[in-house]
Amino acid sequence: MTTDEQQNTASPDPAGPGEAAAPPEQAAPNGLSRRGLLGLLGAGAGGLVVGGLGGAAVAAVAASGSASAGAGTVYPFFGSRQAGITTPVQDHLHFAAFDMAGGTGREDLVTLLQDWTYAASRMTQGLDVSASGAVGGSPQAPPDDTGEALGLPANGLTITFGFGPGLFEKGGVDRFGIAARRPTELVDLPRFVGDDLVPLGTGGDLCVQACADDPQVAVHAVRNLSRIAFGRAQIRWSQLGFGRTSKTTSSQATPRNLFGFKDGTANILADDRKALAQHVWVADADGPAWLAGGSYLVARKIRQTIEVWDRLRLAEQERTIGRDKAQGAALSGGGEFTEPDFAASHGAGPAIDVKSHVRLAHPDFNDGVRILRRGYNFVDGNDDLGSLAAGLFFLSYQRSPEQFVRIQRALAADLLSEYLVHVGSAVFAVPPGAAPGSYIGAGLFA
Amino acid sequence: MTPSRTLGALSALGVIALALAGCVAKSDVAAADALTVSSTDTACDVSTATAASGTLAFEVTNSGSQVTEFYLLASDGLRIVGEVENIAPGAKRSLTVVAQPGDYYTLCKPGMVGDGVGKTAFSVTGEKVEATGDDAEQKQQAVASYGAFVKDQVEQLLPAVKTFTAAYAAGDDAAAKKQFPEVRAYYERIEPIAESLGDLDPKIDFREVDAVAEGIPWTGFHRIEKDLWVPARDALNADGTTPAWQDWAPSTTAQRKEFADGLVANVQELYDYVHGDAFTKALDEQGVAGISNGAIGLLDEVATGKISGEEDWWSGTDLWDFAANVGGSKNAFETVRDFAQAKGDTGAALVAEIDKGYTGLETKLAAYGSLTAGFVSYSQITDQDRRDLTALINALAEPLSKLTSTILE
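Residue numbers (the numbering used here), protein chains in the order written: chain A, 1 to 446; chain B, 1 to 409.
Derived from the structure by calculation, the hints contain no laboratory data.
Mixed in with the good hints, there may be bad ones.
When the alpha-carbon atoms are kept at most 27 Å apart in a straight line, the in silico DSS-like pairs for lysine-lysine are as follows [said to hold, decoys possible]: (1) B:Lys128 x B:Lys151; (2) B:Lys364 x A:Lys170; (3) B:Lys177 x B:Lys226; (4) B:Lys139 x B:Lys162; (5) B:Lys162 x A:Lys170; (6) B:Lys162 x B:Lys151.
To give an idea of the chain B side of the interface with chain A (calculated C-beta under 10 Å), a few residues [said to hold, decoys possible]: (7) Ala282; (8) Glu285; (9) Gln286; (10) Glu398.
FRET-style restraints, in silico, Cβ to Cβ [claimed, not checked]: (11) A:Asp196 x B:Gln380: 52 to 60 Å; (12) B:Ala52 x A:Glu169: 55 to 63 Å; (13) B:Thr390 x A:Leu314: 45 to 53 Å; (14) A:Thr249 x B:Asp103: 33 to 41 Å; (15) A:Gly172 x B:Arg386: 51 to 59 Å; (16) A:Glu307 x B:Asp385: 33 to 41 Å.
No residue lacks a Cβ here, since even glycine has one placed at the ideal position from N, Cα and C.
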């Protein structure tokens, strides 16, 4: 494992130094503030290592008697790449797209990114948003931290920031003096078959992806970041997600989407450095320089007409996906991880339907193009008709948005598209990580 | 004492002024002997372990590899007397405190987590630092000035209400409709005062749905409003569910007189109160904090009541109330701004941010009209308008919410 991949593959280590050295009386986080908990742990650990200049990474596990081992997972915020891309996919998501406020300028944007970076560097470590936090400030002042995460450990929180096309230029205006530095690839996605986009659920100047194993921790992050942004940026849309629909490490079981099928079997994994370099990370030669080591994020809110889907015969569901429902094995045979054999036949026709989702999305039919998926299921209550407002909040990271466009165009003929409506869409350039003392996106303003 | 992230935690503010007693003027800070602190990954070296009471300035240099924090802790080693956070590797920041005689600890926290390093006893000797008499006198003047503003508004409100209710009682609806939003502006500018009186605001300003929910007789401005802007037969009340004509009918002439007289009587009660000793005493007790909290409270009125358009459900004159709330809030802020301005760079930055917030909101409101020329009906306000206004209210309310603590520090 090399340095630049380490931060993203950090994993809970229950036998780590933090646990071993913690005296028994400190193993009672209930009722303690986040600050108190971490303070005690730090004392017990005698040098809990969290991140570092060189991108060295040790995931810390809280010595907690009551919380699950995963709850104490801490991923370093600072590093050569932003966390939350190849990081083992957490269980919950709060994603928010922001628009910069009218009349703001370059200085506002820079200070916002600085303030966000600092807040994120604290919250991802399980700390309050500032040193005085939720209860440590003046009784006469509103607390800096909103407080709902008091007592909750970090829960593997990652906060990932991205820049939308509108940040560089909107309506022909270069609001922040960065139009010339816009990557040529960073443009609004083209219109696709099946799009029924809601304007206020689409686009955005900035994005924040907060992932954690506790939904309250993810919501706390977005809430506090939006509060910090008041006067400079305003939430354009935001989305809660649960039940990750893909995995980024081989040790994670492949989860299921709301169609009931395993999703993300063939996803790019965190330890596949070659595939990451080829398909996910923006290379030095790709340009622009400030984005090297970063990636592009595509977000698509996809409504699933699950009521209709649920009435499909099992065989028809499987034909549509191209995999069996129980194991996730391709219909050409074998197990979940057996490569699909698109030439295999079944009776008179192919074993895997030519219009099945797995075939149309497969790299073999897309010039070898792959993407790293990181989506979540969502249920936003119900719609006016009494149907569950359910679907997939699709997130993918790729070296160029063209990779997504290539695959999404191929999916125009997808049998599955009959049960999907794309209602939200956005694309963001995700800059590389920040070193301690610097801030996310600093290279863009250098 | 909250070093404010909204003031640009990473920007080059340099000094975070934390006053334990009285008020630190910038010149005091400059005159203070600077204490130097060197924070590394393992140590927190302070240039001295003792100092004389008064304004202390710690110049903290981060010589370590991680983002660090510096704390001055009370003698129990827990309570934070002052702290400066987010000091990047290689960066230098200052902590300024007014320190009373006593025992303290200094501490650095590289990496932001853990118990920190280099916890060292620090003692302050000398005389107790007292607030200056000048400051107390200025604050008393501010309180008196705000009291005068409130009285002035009520003095204009009372005759305006008499004229307005006379037109209403006489059935001159055209005149009454024109006056309705104008009269209310006097009230909306000082609404928190009436609200502090318990049962007076409900009698004067309750909406129908609230009066029903509280089980009290529905009287006041909004009762008259519904008579003046008679709803369609199939209209719904502000709750979006109950029919407008359920348990309601246009007032008879006798009822109109009753509601008119009632409103005058209640406003008279408000007039008597603000001209009495109890009001002066209440203002004195709350001091400048009461004024500051009034400024904040008026903006909360806008954020929770006005933005939804449910205040003046039948007349659509919400923007008059909106503008009057903002104007009253700004007046209260102006009364105490000097006290915030005097609180070092933090206070000055806060005042600048609040000024910017009022300007942004006032500019946006001006696009819809003015209190003198009139505003567009709230029914013409689009969702996008409301979104923009909400963003501007948040931009102002967030720094404004720190005004009281900044003044009191």
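To see whether the hints hold, each was checked on the structure:
1. B:Lys128 x B:Lys151: Violated, because 39 Å separates the two Cα atoms, which is more than 27 Å.
2. B:Lys364 x A:Lys170: holds (21 Å)
3. B:Lys177 x B:Lys226: holds (11 Å)
4. B:Lys139 x B:Lys162: violated (35 Å)
5. B:Lys162 x A:Lys170: Answer violated: Lys162 of chain B to Lys170 of chain A is near 53 Å, above 27 Å.
6. B:Lys162 x B:Lys151: Holds, at roughly 17 Å.
7. Ala282: Constraint on Ala282 of chain B not satisfied, violated at 18 Å.
8. Glu285: This hint is violated: Glu285 of chain B lies away from chain A, its Cβ roughly 15 Å from the closest one there, beyond 10 Å.
9. Gln286: violated (12 Å)
10. Glu398: At about 4 Å, which falls below the 10 Å cut-off, the nearest Cβ of chain A leaves the hint on Glu398 of chain B intact, so it holds.
11. A:Asp196 x B:Gln380: 52 to 60 Å: About 29 Å separates the Cβ atoms of Asp196 of chain A and Gln380 of chain B, which means 52 to 60 Å is violated.
12. B:Ala52 x A:Glu169: 55 to 63 Å: Once the Cβ atoms are compared, 57 Å apart, the range 55 to 63 Å for Glu169 of chain A and Ala52 of chain B holds.
13. B:Thr390 x A:Leu314: 45 to 53 Å: Given range 45 to 53 Å: holds, Cβ gap about 48 Å.
14. A:Thr249 x B:Asp103: 33 to 41 Å: Given about 51 Å between the Cβ atoms, the range is violated.
15. A:Gly172 x B:Arg386: 51 to 59 Å: violated (27 Å)
16. A:Glu307 x B:Asp385: 33 to 41 Å: Holds: the Cβ-Cβ distance is about 37 Å, inside 33 to 41 Å.
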